[in-house]
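Trainee: Let chain H serve as the given structure and place chain B on it in line with the hints.
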Amino acid sequence: MSLESLGWQGLVILVVFGISLLIATYCTYAERVIAAFLQDRVGPDRAGPFGLAQPLADAVKLFTKEEFFPSGANKALFIFGPCLAMITALMSSAVIPFGSFLKFGTTVVHLQGIEINVGMLYVFGIVSLGVYGIMIGGWASNNKFSLLGAIRAASQNISYELAMGLALIAVLMMSGSLSLRDITLQQSVPGEWHFWNIVKQPLGFIIFLVCAFAETNRTPFDLPECETELVAGYHTEYSSMKMGLYLFAEYVNVFVASAVMSVIYFGGFNFPFQYELREWLHTSRGLSLDASQNIIAILGVVTVFAKIFAFIFFFMWVRWTLPRFRYDQLMRLGWTILIPLAIFNILLTGGLITTGIIPEIKQWW
Amino acid sequence: MESLSNRAKKLEKKPMTLAERAYLPAIFQGLSITMQHFFRAATKKQVTIRYPEETRPFSPVFRGLHVLKRDEQGRERCTACGLCAVACPAEAITMVAGERKKGEQNLYREEKYAVSYEINMLRCIFCGLCEEACPKAAIYLQADKMAPPRYERDEFIYGKDRLVEPVSPDARSKRGIQLTPEQAEKLRSQLQSA
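Quick mapping for you: the protein sequence lines, in order, are chains H and B. Residue 1 is where the first sequence starts when you use the UniProt record's numbering, and the numbers rise one by one after that. Residue 1 is where the second sequence starts when you use the UniProt record's numbering, and the numbers rise one by one after that.
Bound conformation, chain H alone:
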């Protein structure tokens, strides 16, 4: 990799980082507006036009609140907990392919933080690490309710990670690759009628979606942090921006989960007729091959973000529709329904691949 393309890649990483933060910031605003609309209300509309400065006001509020340390708390770990939650949430967006590639002369810029051939494993590893942020925060608070909340959160996350992984194994059996870029490219073959993975894996997608809700601690599985009845949970003792980091990490996680779902099941940056469009731009409109590639790459970025926003909206829509699961219902759903279903899905996929109903993937690129 040349120094120039390395510089470009650094820029892409910075942009991805910034975009993750920006989207998480405005998720807080979107959540409140969507909640309001779903309840026939208006939502925040005072700070700035349409209340768009509301996240800034919230940030100022969180920063100026009292920094509180409970007595007997492990101070270092108490600070480390929310930091870890935030770091792990932000790290996973590094491997998401947000676009194919831009080409300027000889420089090729992949619109992805970093391309690794174990992208999916990496995301899983980082998501599992997120439990530490919660667990350390709950334990370091020196409060039995925080600790109980943290244990609740940890056991939920670990239980649902199993079903999530099993749902993904079915996708891996088809794709034969752990790289998120490969999985995206496989979902669209030039000059061929091709479907996104959701068509081949509807059951797997539903399992993954349910588990994503549980992994990001969103309703109906938000027992780790239920505000109303279970004494908040692991962040009971947290105040000011440390509290803000936990809340923020949740939104970053929602963004990452949405991105992973759109990449794995909804074709990522692919959109229908992209290769035909590139061909048409090149031949009929007289653009150079690079320019037409750049145009569809940018359209691809727009596509993937449209898909991500649709998923984020779905997360919020569900939150303001469904009540919370009880803890025993949550565990029953995870262990006795989702995991057997996921195993059944693996068998089904295996059968369909062996009988040739799901065609073999071509490595066309």
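Hints listed in this document are in silico derivations from the structure and should not be mistaken for laboratory results. One or more hints might be untrue.
[What the hints assert, rightly or not] Chain H is faced by these chain B residues, among others (derived, beta-carbon under 10 Å):
id	residue
1	Ile33
2	Thr34
3	His37
4	Thr48
We put the beta carbon where it would ideally sit given N, CA and C, even for glycine.
Mentor: Same frame as chain H, but now just chain B:
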């Protein structure tokens, strides 16, 4: 026991059907309901009243912010008898009485008047007993104004500067209801003839 309304329904706890146990049909039903509300709120009907730009219509018998009335010739009606302060269950009213001097007949109706008159709006419970107690029909609780929120406690102690009705007939109201232009005109002509 016999139920009074005969509307009691006997419920049996049946085991859930497969569709109920699968959650998904019920979830989609719920999602469609909230989506209908989303579009309704996005297009027209929001229940929110954007106070202070919009206000709810007041009831005509609403008891809001106090006003110290003037008579037809623009003189203060209050004679500082103290009956309102005695009647006040919250002890929100204090006043200092003074004697009217020569040449002040156009300012105060009675020989005795209130030099200062203060109502603490944080103590006031807006019961309207002062209004009932007043023999001079001087104090009223307006039907269209509320004591607005403030930042400091002492800003809630309303003195004569904020309580006494303005002299201009256009700004006057009758029991708190704003006069129509015709009524204001009539009052103005009465004042000029007097």
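Trainee: For every hint, state whether the structure bears it out.
Mentor: Right, here's what the structure says about each hint:
1. Ile33: Constraint on Ile33(B) satisfied, holds at 8 Å.
2. Thr34: Holds - the Cβ of Thr34(B) comes within 10 Å of chain H, reaching about 4 Å at its closest.
3. His37: holds, 5 Å
4. Thr48: Given a least distance of 4 Å, the restraint on Thr48(B) holds.
The earlier numbered hints are all upheld by this structure, with none contradicted.
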